[in-house]
Amino acid sequence: MKTLEVQNLTKRFSSTTQPAVNQISFALEEGEILALVGPSGCGKTTTLRLIAGLERPDCGSILINGRLVASESRFIPPEKRGIGLVFQDHALFPHLTVFGNVAFGLRSRRNESRHKSAPNAVKAAVLDMLRLVGIDFLASRYPHALSGGERQRVALARALAPRPSLVLLDEPFSSLDADMRLTMREEVRKILKSMQATVVFVTHDQEEALFMGDRLAVFQRGQIEQIGTPDEVFHTPATRFVAKFMGDSDFLRGKISSNGIQTEIGLLLQPVSLPNSTLVEIAVRADDIDFEPDESGNAVIAARFFRGALNLYRLQLDSGQILHALKMHTYLVPVGTRVRARISAGHPLAVFEKSA
Amino acid sequence: MRNLSQFLYRLLPILLISAGGLTACAPISPLPAAESQTPTSLPSQPEALANEDPIAESPTSAEVNGKLVIYSGRSEALIQPVLDAFRSKYPKVEILIKAGSNSALANALIEEQSNPQADIFITTEMFTAQSLAQKGIFQSYFPKGAESLSAEFIGPNQTWIGLTRRARVIMYNADLVAPEELPASIFDLTNPKWKGQVAAAGSTNGGMQAHIAAMRKLLGEEATANWLKGLLANNVTFFGGHTDVRKAVGAGEFKLGLVNHYYYHLQKAEGSNVGIIYPDQDEGQIGLLTNITAAAIVRGAQNLPAAQALLDFLVSPEGQKLFAEGNYEYPLLPGVPLREGVTPLENFRLAAIDIPSIALDLEATFKLMEVVGLP
Amino acid sequence: MLRAIKSLPFPSKPLPFSSQLALVAGLVALFVALPLAYIFLRALSANPEDWLRLLQTRLWRLMGNTLALAGAVTSGTLIIGVSMAWLTERTDLPGRRAWRWMLALPLAIPPYIGAILHLALLRPRGGVIPKFLEGLFGFPVPTPSPLGFWGAAFILTIFMFPYVYLLSGAAFRSQHAMLEEAARSLGRTAWQTFWQVTLPALRPGLLAGALLVTLDVLAEYGTVALLRYETFSSAIFAQLYGRYDRSAASILSGVLVSLALLVLWSEIKLQGQARFTQIEGNWRPVPLILLGRWKLPALVTVLLVIAISLLIPLLVLLAWTIQAVLDPQTLSQIFRAGPQGLAQSAWNSLWTSALAALFAVTLSLPVARLSVRYPSPYTHFLARLCQVGYAIPGVVIALSLILIINRLVPILSATPHLVVIAYVLRNMPQAVRASESAIGRLSASLEEASRTLGRTPLQTLFEITLPLILPGLLAGGALVFLTSLKELPATLLLRPAGFDTLAVRVWVWASDGYYIQAAPAALILLLVSAIPLSFLLHRTAMFQ
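Residue numbers (the numbering used here), protein chains in the order written: chain A, 2 to 357; chain B, 865 to 1239; chain C, 17 to 560.
Pulled out of the complex, with its shape left as it was, chain A reads as follows (with noise of 0.2 Å):
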């Protein structure tokens, strides 16, 4: 039995604008983690919502350990779910403490019977949670005086204290700076395998998509373009959004000819399932391209990025096409210096026939 079920899920907020949520359908297993990715408006949210029951769908449905929650005939609100839900801005109640916050769920109807006339047992989970977060020194403080990590790891121990059957997560590092990012993340993807919770977790960053996620969902337009594991999102990439979202991919132009592809800057050796003369794009990387300095060459230097360790290049085509190229920090080249770019990619390369 999958833990999430989601079939032909249609949400929209009026009748005039395309749907939120077009005809979406995915699974989860046990203990996986799934992450929703894609821009803002993509639909990514609302589906979160959807599954916990903060919106009601148009159509479709949706199952949680086989039990119909939501269709187009039957709708249980969220306190009936049995999920667990961490928002974007982390929705801690000033009023209570860290301890009330967290132990909040725990005394709810729903979870009266398990730990029924036993505050002692309601205390001794909170605890436990709040220690498996790191933060039972702050149980007696008010959100209000905590830091960002540490309220998003009260945020995350109010979700999994009932031991939620699924776990929803809604863009929950979005309000934390950049390096404490990196290390809640990583710690809280350890919490969550720890506890063998099933996860679907929303997020606009593709980087921590690949990082959080068993499996990614890749949506646009309220509709899912790709799902699949990081590595098969990432190196074979559907569709052209999903090479363009999750590898800041740019787009060489080619034709399919009977050894390869013919492109501006060469023959890319690699069979195509296409027709000759097709007009094709080519999904590249700036870690596909290489390229050095040629006074005959097919590209001009227009601008350089410094980035570490490495060094972006940004190169315009004769044709005017740009594409970017990385090298080491210590290759420098100058602008304006014309150069030679080739394709240097050890692996096949995502190729879309161009749409007219």
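Keep in mind that the hints were calculated from the coordinates and are not lab data.
Just so you know, not all the hints are guaranteed correct.
Using 27 Å as the maximum straight-line C-alpha spacing, the simulated BS3-like pairs for lysine-lysine come out as follows [as the list claims (entries may be wrong)]: (1) A:3 <-> A:124; (2) B:1057 <-> B:1132; (3) B:1132 <-> B:1059; (4) C:147 <-> B:1132; (5) B:1008 <-> B:953; (6) C:147 <-> B:1057; (7) B:931 <-> B:999; (8) B:1185 <-> B:1008; (9) C:147 <-> B:1059.
From the derived model, a few chain B residues whose C-beta atoms are all more than 12 Å from chain C [stated by the list, open to error]: (10) 995; (11) 1008; (12) 1009; (13) 1012; (14) 1043; (15) 1048; (16) 1163; (17) 1189.
All C-beta atoms, glycine included, are put in the ideal place defined by N, C-alpha and C.
Since chain A is already given, all that's left is putting chains B and C on it; use the hints.
The following block gives chains B and C in isolation, referenced to the frame of chain A:
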């Protein structure tokens, strides 16, 4: 609502016929003038009967207690001493009073007819009492000891009972007005000589309304309208009530004030140097206008014993004396002496008013005040 | 004074739209709008003859009188309010902190009490001051008269300017130094900067203040009646009080409410264009302007305003109260037991106002929640509908309640509940605005978090929403309580027999010219009003 009020207006004429023209056909006659009664106003007249309730017996003091709700057109300050005296006799009664204008309270009584809130209605002029009686708002009760009251002071089928009488006079500030220049007629108030120097009560005041209604009948629509326009043109200041008028005249803010006679006495008692003029006493003039205050028990009154006890008290020598002494009014019960300094009405020539026809035109009086723009 | 002009700090996404909530909110809005609709219906269905007669006689004069007064008072309050706010917020005026309070406190004094005081003190030839002067010099000395247009305009101005003062003071305070520095760096003098940058940035606050003042003037009954200046409100009151026919009152009410709605509408339009967002980042207060040799004149001006609008009224009331207490007869009259006694009146004032506050706030919750959490044309319409109470003066509410209640719910007629209903209707806008701002500050995710942690909507309301918005609701309640305490015309018309509030007590005595007898009730009314007022002031940034 509109229908209700129109209905009321249509009824008013009939009612007012029965109102008992206190001054009607009694141009010079001394009071009381029971013979001036119009036939329809007699309690025994069937067409004026508001109800067929048997006339209730007076209560004994033992059963008088509880809350007594009074709607009073008389201002609270003027009625309170009498009510306090009543309470000292019946300490178990709790009096709840709502003081306001006659018409506002009459409207309330009509609106509450199916769900009566008040036990007693006290009014400053009997037009309102009469019209409400006709609508069946009141129940019959003949107060103990009221037998000696002149029949003209008793409503149809004994639905209301007269309490006191008051005269419409001009009071003046004696510091500001020389004796030789005193006005002798209410028409002198429109003389430009008094421009900005006269105060009166406005169109919401029951006494003023009755005054205009009477004038309208005596002199006709046009002459009355001209008189009112003359007052307005003369920058007469119209107050909500007569207390303001008497205080303003007493203070010298105005030289003259058109008031009920006792306001002169009240102001004089406060130490002001004020004088009184009983206007229009010469041949060919309209004579002194008077008015009657009345009280009635509301049909459906919650506390009948207390209401009856209060009515008994109000017309008893004790109650009448309080009005006469405390407020300088003319008591209606024969034999109750006037307060010292109050001139008996017998000394004056009273206005000859044909009450029934005034009543017919009461709505026209309201309209007249509005068209003229009386504030 | 307490309107949230800034935008909501949290994104508010809705839980699934609740049709029960929408239904309840709709019913509340209906309840609020019913009197309005009824008055319009009555006005429009009135006999054309009545319309014609009013058009020919009073309507235009009343319109002119009312608009002139509203215009004069609004301008007057803007001038005094802004200049007082500028002096206490932007300059180095000595004692600013104390003056701030004293300039806001006149809000506790109903203007009709101010009118009573001025009448007693200044009424031509009859007032205390003219009499004193006449005694001193032996001949009448001309003194300014409190009567008529100028008197009414003056008195309403000095007791209503705190609205503008508080709103513009808050705006002055929140203004960023950068704005003025930018203007100065672009070559404007200090004076030009004030007119071209500082003042325009105050516009939302000024508009809100002007709206409150204008609508209050339209609704004011006691002051204009005492000072004998006829406006729509006093004409309607007179019509209700002294006539049998209600159609003229309905017509006048219809016109008055249209006028008030027009004012409300234009404020919404103007405000919509003038919603300034504050500059984010490191906010720095504007440096104080050094008054230098203007210090003394400025101080004298502020003290004069405080003296006229607060100190003199308080002292006179105090003196009269002492006089009333010292005179045994008066003492027994006003402190008598029973319904007309002060204790009973004070209790009536308290419980009706408190009940009105409770009801208004409770009823405002569904409307506010709906309009904040589920913004849509429908929910905005509901919220706007609840704002129209501002535009319905007390006399009009009384008229419509008299007409409606007697027909539909006669059991309520002539009960104090009617008075409470009138207070709720009249003050609903304040409650709705306070609740909207309180709910708007509450992140929707808190409620959602509670739901996902196993709480039903009702449990969420009691465990999360109410505890968190309580301070905001209390502020709304305090405002309703304060304005209900001061309410006069609707109470006068609707109260049952033997039911007096402090305001009624003051009025009954004072309208007959018994000023000394009226003083104790007036003083108690002021002191009681000062409690919710100071609670409200403590919540505003100016007094923290």
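Evaluated hints:
{"no.": "1", "hint": "A:3 <-> A:124", "result": "32 Å, violated"}
{"no.": "2", "hint": "B:1057 <-> B:1132", "result": "25 Å, holds"}
{"no.": "3", "hint": "B:1132 <-> B:1059", "result": "24 Å, holds"}
{"no.": "4", "hint": "C:147 <-> B:1132", "result": "18 Å, holds"}
{"no.": "5", "hint": "B:1008 <-> B:953", "result": "16 Å, holds"}
{"no.": "6", "hint": "C:147 <-> B:1057", "result": "25 Å, holds"}
{"no.": "7", "hint": "B:931 <-> B:999", "result": "25 Å, holds"}
{"no.": "8", "hint": "B:1185 <-> B:1008", "result": "16 Å, holds"}
{"no.": "9", "hint": "C:147 <-> B:1059", "result": "22 Å, holds"}
{"no.": "10", "hint": "995", "result": "9 Å, violated"}
{"no.": "11", "hint": "1008", "result": "25 Å, holds"}
{"no.": "12", "hint": "1009", "result": "26 Å, holds"}
{"no.": "13", "hint": "1012", "result": "31 Å, holds"}
{"no.": "14", "hint": "1043", "result": "21 Å, holds"}
{"no.": "15", "hint": "1048", "result": "25 Å, holds"}
{"no.": "16", "hint": "1163", "result": "15 Å, holds"}
{"no.": "17", "hint": "1189", "result": "16 Å, holds"}
Checked against the numbered hints given earlier, the structure breaks hints 1, 10 and satisfies all the rest.
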